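*Asks:* Spelled out from the first residue to the last, the chains are:
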Amino acid sequence: MILDATTGSSSDGHSIQGELPLLQVKGLRKSFGSRLALDEVSFELYPGEVLAVVGESGSGKSTLLNCINANIDVDHGQVMYQSRCNGAVDMGQISEAQQRLIKKTEWGFVHQNPRDGLIMNVSAGANIGERLMSLGARHYGQIRAKALECLQEVEIDTARLDDLPLSFSGGMQQRLQIARNLVTQPRLLLMDEPTSGLDVSVQAKLLDLLKQLAQRRGLAVVIVTHDLAVARLLANQMMVMQDGRCIEAGLTDQLLDDPQHPYSQLLVSSILQS
Amino acid sequence: MDNTEKTSDHGRFNFAYLDEQTKRMIRRSLLKAIAIPGYQVPFASKEMPLPYGWGTGGIQVTASIIGQDDTLKVIDQGSDDTVNAVNIRKFFQKTTGVVTTEDTEAATLIQTRHRIPEHPLAEGQIMVYQVPVPEPLQRLEPRSTETRRMHAMADYGLMHVKLYEDITHFGKITSTYDYPVMVDERYLASPSPIPKFDNPKLHRSKALHLFGAGREKRIYAIPPYTNVESLGFEDYPFELQRWTQACALCASTNTFLDEVVTDDEGGHLFVCSDTNHCQRTQMIGAGHDS
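Chains as they are written, first to last, in this note's numbering: chain A, 908 to 1181; chain B, 365 to 654.
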């Protein structure tokens, strides 16, 4: 197992330092009609940590992400977030305006399909600048400079600043979506299958970028994926879901090398070994 | 004889065409709109004897607030004698018998299509606007559930995205009419398709401004002395249109000018869009000359 030098965290390193978890999810439950989509899911996420949520489709991964992001109301449970200035807030208890503000300033959400996360008919620069403008930025030159910076950070040619996302390749659109989320220096990034639909080399590049960003900025990331390779590359924590329940959770390397639950064993054994 | 014709029309319609129940309903919406400047209040818009897009919203607002002592002026693109103005004026002459005028100063109630008179408005005057699209965010976000939420949260980043795009592609903000305004530092509103030249006249105006959108079933208002800010960026602020010419008829240099084509050989001239103001200026000019 490799110790992460930048965060200094090992298996239980974070709790020793007395650092508070950035995100605490406690007993989330959500049902759609009689179907239970999420059943008592809990986890904690510390700054700089990447949690991969894996499982087959229909296992409740995306529902979990949408519940955390307050896109859908939960039936039961709590999402506690350690905010920059207000300390611990219960995302379910605060007003919608406060929720929106936190989501705009401290969180990011990367959709599986970049079309859901981008405004397709305005330029890349405007896409990145939108958050700034909705937070009250009113200087065109500064917004543009900031957008340029973000574009560089996600390794998109700065000459494409004024181009429409429609003219971007799939991988570039996904990177633009990330840039759009990075502009307000978020501390938590929620990602729903960000690499699916991209070819393998583009996927690798994107994962590399994400890993760098997480390390450089100390971002906490929850990444939903069905691809165990993504989890292995990116995540230090991992959670396996089945039928809306978390059936196994732990350190990624540990879980992948020594899965305990039969379903996790099945999942791990289904990866092609090279 | 004129008089008997009027009374016979009175007999056929309720005063100002709408029934009292409807007028009360619209007045309630108006009061709410005035209480929350810039906020779009839904109302049960009625069918009117003219097509949507011709001023059904404005005409309902006028009909529900007009009184027997009012003096009505109707403008269509600045002019008192174009089709829309003439017809709406006749409509109210028939159904109310109130005095009508072309003189901005003499009017207590002015229904307008897309202009604010050049002559400064006074306290006690009411402007009624015909609004085709009351929602300034509609072209940017087609879901009305979402735009309503954006208004509730005062989340207007999207509007600035549009302005950003304009500057990026054209080097300046290209909207020249229906230029979005922030009312009372809270609600984003469409000033109806008035030229942006008229936007500053809304800021801390002495008159009451009422906006009616018949098809979209919305009423909103800008009460007297309300702050109205036209959007812009610090480095690309809101700018007024300018003309290099003066009005060809009255020689005014500070009015909104229309370009009029005079022949098929490229001949054209610029004249005031506000006909009443132009005539007055001509009369004053002639008086000085003689």
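Don't take each hint at face value.
To be verified - Short, incomplete list of chain A residues facing chain B, as computed with Cβ under 8 Å: (1) I1026; (2) V1029; (3) G1036; (4) I1050; (5) F1075.
No wet-lab data here; the hints were simulated from the structure.
Since the structure is predicted, the reported quantities are computational estimates derived from the model, not experimental observations.
Even glycine gets a Cβ: it sits at the ideal position worked out from N, Cα and C.
*Asks:* Each of the hints needs a verdict: does it hold here or not?
*Replies:* Now the hints, each set against the structure:
With its C-beta approaching chain B no nearer than about 7 Å, I1026 (chain A) sits inside the 8 Å limit, and its interface hint holds. With a least beta-carbon distance of about 5 Å to chain B, the hint placing V1029 (chain A) at the interface is held under the 8 Å criterion. Because the beta carbon of G1036 (chain A) sits about 6 Å from the nearest beta carbon in chain B, less than 8 Å, this interface hint is met. Residue-level restraint check for I1050 (chain A) holds (minimum Cβ-Cβ distance to chain B is 7 Å; threshold 8 Å).
The beta carbon of F1075 (chain A) comes no nearer than 16 Å to any beta carbon in chain B, farther than 8 Å, and the hint placing it at the interface is violated.
Violated hints amount to a single one, hint 5; each of the other numbered hints is respected by the structure.
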